[in-house]
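Given the coordinates of chain A, work out where chain B should sit on it, guided by the hints.
Each chain is listed here by its residues.
There are 2 protein chains.
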Amino acid sequence: MDTSRIFAQRRTVEQVEEGHELAPKFDAQGLITAVTTDVSSGELLMVGYMNAEVLALTIKTGEAHYFSRSRQALWHKGATSGLVQKVRELLIDDDQDCVWLRVELSGGASCHVGYRSCFYRQVPFGAEAHAAPGPLPLRYTETEKVFDPEIVYRGQPNPTKL
Amino acid sequence: MDTSRIFAQRRTVEQVEEGHELAPKFDAQGLITAVTTDVSSGELLMVGYMNAEVLALTIKTGEAHYFSRSRQALWHKGATSGLVQKVRELLIDDDQDCVWLRVELSGGASCHVGYRSCFYRQVPFGAEAHAAPGPLPLRYTETEKVFDPEIVYRGQPNPTKL
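Those protein sequences? They're chains A and B, same order as listed. If you count by numbering that gives the first Met the number 0, then the first sequence holds residues 0 to 161, one letter each, in order. If you count by numbering that gives the first Met the number 0, then the second sequence holds residues 0 to 161, one letter each, in order.
Honestly, the hints are just simulated from the structure, not real lab data. Incorrect hints may appear among the rest.
Said to hold, decoys possible - Computed far set for chain B versus chain A, every beta-carbon distance over 10 Å:
no.: 1; residue: Ser67
no.: 2; residue: Arg70
no.: 3; residue: Trp74
no.: 4; residue: Gly77
no.: 5; residue: Gly81
no.: 6; residue: Glu149
To be verified - 30 Å max Cα-Cα, derived DSS-like pairs, lysine-lysine:
no.: 7; chain 1: B; residue 1: Lys160; chain 2: A; residue 2: Lys59
no.: 8; chain 1: A; residue 1: Lys24; chain 2: A; residue 2: Lys85
no.: 9; chain 1: A; residue 1: Lys59; chain 2: A; residue 2: Lys24
no.: 10; chain 1: A; residue 1: Lys144; chain 2: B; residue 2: Lys24
Stated by the list, open to error - Restraint ranges, calculated between C-beta atoms of paired labels, are given here:
no.: 11; chain 1: A; residue 1: Arg10; chain 2: B; residue 2: Glu88; range: 35 to 41 Å
no.: 12; chain 1: B; residue 1: Lys24; chain 2: A; residue 2: Gly106; range: 25 to 31 Å
no.: 13; chain 1: B; residue 1: Gln28; chain 2: A; residue 2: Val12; range: 18 to 24 Å
no.: 14; chain 1: B; residue 1: His129; chain 2: A; residue 2: Arg68; range: 26 to 32 Å
no.: 15; chain 1: A; residue 1: Gly133; chain 2: B; residue 2: Ala131; range: 50 to 56 Å
no.: 16; chain 1: B; residue 1: Gly154; chain 2: A; residue 2: Gly81; range: 49 to 55 Å
no.: 17; chain 1: B; residue 1: Gly107; chain 2: A; residue 2: Thr2; range: 32 to 38 Å
Quick caveat, the model's predicted, so the values are computed rather than measured. Glycine included, every Cβ here is placed at the ideal spot set by N, Cα and C.
Chain A on its own, in the form it takes in the complex:
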């Protein structure tokens, strides 16, 4: 799918915010932020990045593709793990520098650590945070992993960087 055909040039703020054509803004690294939620539960599953090629692939195929910043490579979500994300709705924000994917998960999980969502830990705030003596303690919202990443991603490098 030809990105010069499907993406419009960004000409004016009004066109971008109140217009009717897709005119995404890619940052200095050529990336746009992609937020992915579960279409059934509304849960935030992950936040990833897309370049123009990968956004076009997602639009073309209806399956989520991302650009891995740690591997600097195109990434068809689920190609290794089988945990494919079928796009059910795709939306773009006011200034068109962020897309929202509402997806159906196959395999029941999205996170490379093995949890359903990447957001499996709560951060305290307000009075609870004031009372903490040192670094803020995280509370797990998921206690059981959906899959064992040692098996699913055997031999693959961990994408998390310090």
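Relative to chain A, chain B alone:
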């Protein structure tokens, strides 16, 4: 709130992914991505950025603060518009470079254009995208603005950049 107290040092991948302490990763610009959803509807309202100071302020006050990249300034959401976001749950992702705020909206809207959510337009994909002759057409999911930005943000510069 002292960021050197509430944030732990990032020592190992295991500590970051499977540990119990908050150890956020700020990027080369000192920012972490913040995804904000409506705690009642689950709708994605906006995606913003936070630096260490602003994340600590959000944790301390229980109200969403962001860092405006276009204005390079701290931004207490709702200070101008009255559309404050009360944090009801705060979560962090596996590699701790993204936070998820589940908020209660005052004023019924979040987007500076006047809509409830910043994500008020759908992008076609699959067969519908293949059939489009030129730039992909966007379809509005919200048809009525909640407020008039010309009144609420009178005299303020528009944050959208081309």
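Check: Is the hinted range of 25 to 31 Å satisfied by the C-beta distance from Lys24/B to Gly106/A?
Finding: holds, 27 Å
ask   = Regarding Gln28/B and Val12/A, is the given constraint of 18 to 24 Å on their beta-carbon distance met?
value = holds, 23 Å
Separation of Trp74/B from chain A, once the least beta-carbon distance is taken, above 10 Å: At about 15 Å from chain A, Trp74/B clears the 10 Å cut-off, so the statement holds.
Does Lys144/A pair with Lys24/B here, judged by a C-alpha cut-off of 30 Å?
-> Given pair Lys144/A, Lys24/B holds - Cα atoms ~24 Å apart, limit 30 Å.
Practice item. Examine each Cβ of chain A, and state whether all of them lie more than 10 Å from the Cβ of Ser67/B. Key: holds, 12 Å
Does the Cβ-Cβ separation between Arg10/A and Glu88/B fall within 35 to 41 Å?
-> Check passed, 40 Å falls within 35 to 41 Å.
### Message
Looking only at beta-carbon atoms, does the pair Gly107/B, Thr2/A fall within the given range of 32 to 38 Å?
### Response
holds, 36 Å
**Q.** Given as non-interface: Arg70/B, partner chain A, CB spacing beyond 10 Å
**A.** holds, 14 Å
Practice task
Below or equal to 30 Å on CA atoms is what counts here, so check Lys160/B against Lys59/A.
Solution key: Roughly 27 Å separates the two Cα atoms, so the pair holds.
**Item:** Non-interface claim for Gly77/B, where every Cβ of chain A lies beyond 10 Å
**Value:** holds, 17 Å
- Range agreement (Cβ of Gly81/A with Cβ of Gly154/B, hint 49 to 55 Å): The hinted range 49 to 55 Å holds for Gly154/B and Gly81/A, with Cβ atoms some 54 Å apart.
### Query
Is the straight-line distance between the alpha-carbon of Lys24/A and that of Lys85/A 30 Å or less?
holds, 24 Å
When the structure is compared with the earlier hints, no violation turns up for any of them.
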